[in-house]
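There are 2 protein chains.
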Amino acid sequence: MSLIVQKYGGSSVADAEGLKRVAKRIVETKKAGHEVVVVVSAMGDTTDNLLDLAEQVVPIPSGRELDMLLSAGERISMALLAMSIKSLGVEARSYTGSQAGMITDAQHGSARIVDVTPRRVREALDEGAIAIVAGFQGYNRGTGDITTLGRGGSDTTAVALAAALNADVCEIYTDVDGVFTADPRVVKSAHKIDRITSEEMLELAAAGAKVLYIRAVEYARRHGVLLHVRSSFNNNEGTLVVNPTEGENVEEPIITGVAADLSQAKVTVVGVPDIPGKAARLFTIVAKTGANIDMIVQNSSTASGLTDISFTLPKSDAQTAMTALTAEQAEVGFTSLQHDDQIGKLSVVGAGMRSSAGVTAKLFTALYESGINIEMISTSEIRISVITRADTINDAVRIVHTAFDLDADEEAVVHGGTGR
Amino acid sequence: MSLIVQKYGGSSVADAEGLKRVAKRIVETKKAGHEVVVVVSAMGDTTDNLLDLAEQVVPIPSGRELDMLLSAGERISMALLAMSIKSLGVEARSYTGSQAGMITDAQHGSARIVDVTPRRVREALDEGAIAIVAGFQGYNRGTGDITTLGRGGSDTTAVALAAALNADVCEIYTDVDGVFTADPRVVKSAHKIDRITSEEMLELAAAGAKVLYIRAVEYARRHGVLLHVRSSFNNNEGTLVVNPTEGENVEEPIITGVAADLSQAKVTVVGVPDIPGKAARLFTIVAKTGANIDMIVQNSSTASGLTDISFTLPKSDAQTAMTALTAEQAEVGFTSLQHDDQIGKLSVVGAGMRSSAGVTAKLFTALYESGINIEMISTSEIRISVITRADTINDAVRIVHTAFDLDADEEAVVHGGTGR
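Protein chains in written order, with our numbering: chain L, 1 to 420; chain W, 1 to 420.
It should be emphasised that the hints constitute simulated quantities derived from the structure, not laboratory data.
Cβ coordinates follow ideal geometry from the N, Cα and C atoms, glycine included.
Accuracy of the hints is not assured; some may be wrong.
Chain L residues, not near chain W, derived (Cβ > 12 Å throughout) [to be verified]:
hint	residue
1	K278
2	G358
3	D407
4	D409
Computed list of lysine-lysine pairs in DSBU-like fashion (alpha-carbon distance at most 35 Å, straight line) [as the list claims (entries may be wrong)]:
hint	chain 1	residue 1	chain 2	residue 2
5	L	K20	W	K315
6	W	K288	W	K20
7	L	K315	W	K20
8	L	K315	L	K362
9	L	K278	L	K20
10	W	K315	W	K188
Selected chain W positions facing chain L (in silico; Cβ < 10 Å) [as the list claims (entries may be wrong)]:
hint	residue
11	L81
12	A82
13	K278
Hey, can you work out the whole structure from these sequences and the hints?
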């Protein structure tokens, strides 16, 4: 008998039909002889609708009250899911984050898990019941208040529960068959990856692959939780995210996957005096705004002793960063600011890159031969990322996918929704 | 400084505008120098929509899970209300039934309050904040599960909190100006009652007046809570429901109000042998179904030694009762069953009735002169109820209201909604 944690996102339980389909699947797992804990997100658009309501009442809602409001979403989906399972003749009980022992810090809207004490979940399992747990939410012991974990929070709930309950596997259900070598909506010949290391998965997630959230992968890696990303629409094996400390010594492919990210913008600071300390001063100003700088490029100095510095950051952070820079323009002494939100970031990820030369050359050649211009470059040990124009990013992904021999023979099957 | 508990029903907070209007009113009470605890119901149709969802998933949902589901409704309204108050510059914190210490038995869907420990509510008040508490919900200590209090539960929450916090008054906000001598939607000349005893209020509520729920009035009476039923649309004084043990010795009007109830049906058991024990057997069978019998009439025996017995009960209980009777037809030995759901019950209530003769005669005369037939009669110390045809009930109420000199000079102002 295994203990399996299953996580279903909002698109899997968007309506009564979805709930019933998922309930049937959960009961099948239970009847196969396993202990089952289910983590569920709010149904379909519930969270967005609640946010809309809050906006109608007040422009900037209190964090405590926004968390109280949003936590109603999972309460609805989990109660309905438990009812649906019980109607199939199997005992099921729903638990809020607080009842399931998801203890967090007091950072409303993006709380971090500090402890997991799933006593009631364990009791439910011991009594032969299926435990349904609200994703995305927890509570703070000091204040006694409800908190939420932020984007991708339900994935994190599932992984944290799997770790605390010492589960055999944490299954993340989505609307695609697993993690793909590229977004199958863009690259028709993308194929499912059977096994991926958590290190590679982290790089792919950070590079814009949306199938798993970074925080959940990090948590799984730290606690040795085996992740299985699979489709809620069929029974195919999905992608296993294995922990490198446990991983077998199989031959690692040079490139595991290609990811694209259109969420970043580029800011160029024009005419910065090319003297020591100026660049440091500039990035200190931006860092103070809380903006997350990704790539940086500094042009060579002109005859006049001035240089241009470009950096990328999330689109949503760009305006704040530029306002902060403008406020300090006199002190730093630059000429002007340029803003460009039409960029795309392409990344190739692969653990085999470490021991393999020529990856960069192959990437650049493929893009060059297709007439795609590279504007910025950054690398990690197992990743290379380049900035191109946003409108060429899908072409670039297809070209690179082919260049690294990732194309499958058959087209991938894609279901609707985003799997969040 | 007074401690005021205010209860707002779903129609008062049906949308963002309603929430903002109510928030403004709460802040005014606070700024007038009072401590304020607010009990709020789910917004508008939220509860009905959640019930619809449950019905789509499963025909008869589990009580535990239905309570978990429905409790999401107040979570939404209370969080939005707290946000709205905070945006007006006054500190407010929302609390679930469980956080507010509403401890109940484990009877899902109709839980009874067994203890109220509003420690966090008291702390919020001590820190100068307004406490917003979810109506209708509590939790059971033994199981740790969320419960709901059933119909009118938010009124009960408000009264129970007022009792536990030793509040000066519990204000029940609705969409009419208070308790009226008759339903102002039916009787244009109905007038607001300034003071009513809890005994009279109980009889009116039991007789079909919908402005307050019986349970809340009972709880208030038992714990000596002063109720103030008033409109959320103006600042008029409403109706004070005073506790008789505290009441002054004012002259009591003979008739305080007239109520109508269209929720009952009549069942007639035809051809029952008129021998001792048959009627008792019959009502034992009905009682076992849990049906709440109200009035009973037995016709005089015929020459053949058979009699007809009629009784009234809630429409929703009629079918179950008839099925149970039919199953025992051979044993009891009656001829047939008749079902009539076109009846209406009219009641006149007044504490002065005790010491005043001729009320029954006046009531019967008024109805007789208007050609309205009386089918059944029942009385308590301070109430007389009669059954008439459903389609004449509104005429009957108007006639009786006039006959007992209750008509006001001006028409009552009625707002939309039901004030639940």
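Hints, one by one, checked against the model:
{"no.": "1", "hint": "K278", "in the structure": "holds (43 Å)"}
{"no.": "2", "hint": "G358", "in the structure": "holds (56 Å)"}
{"no.": "3", "hint": "D407", "in the structure": "holds (42 Å)"}
{"no.": "4", "hint": "D409", "in the structure": "holds (41 Å)"}
{"no.": "5", "hint": "K20/L <-> K315/W", "in the structure": "holds (33 Å)"}
{"no.": "6", "hint": "K288/W <-> K20/W", "in the structure": "violated (48 Å)"}
{"no.": "7", "hint": "K315/L <-> K20/W", "in the structure": "holds (33 Å)"}
{"no.": "8", "hint": "K315/L <-> K362/L", "in the structure": "holds (30 Å)"}
{"no.": "9", "hint": "K278/L <-> K20/L", "in the structure": "violated (60 Å)"}
{"no.": "10", "hint": "K315/W <-> K188/W", "in the structure": "holds (28 Å)"}
{"no.": "11", "hint": "L81", "in the structure": "holds (8 Å)"}
{"no.": "12", "hint": "A82", "in the structure": "holds (5 Å)"}
{"no.": "13", "hint": "K278", "in the structure": "violated (42 Å)"}
In the structure shown, a violation is registered for the earlier hints numbered 6, 9, 13, in ascending order.
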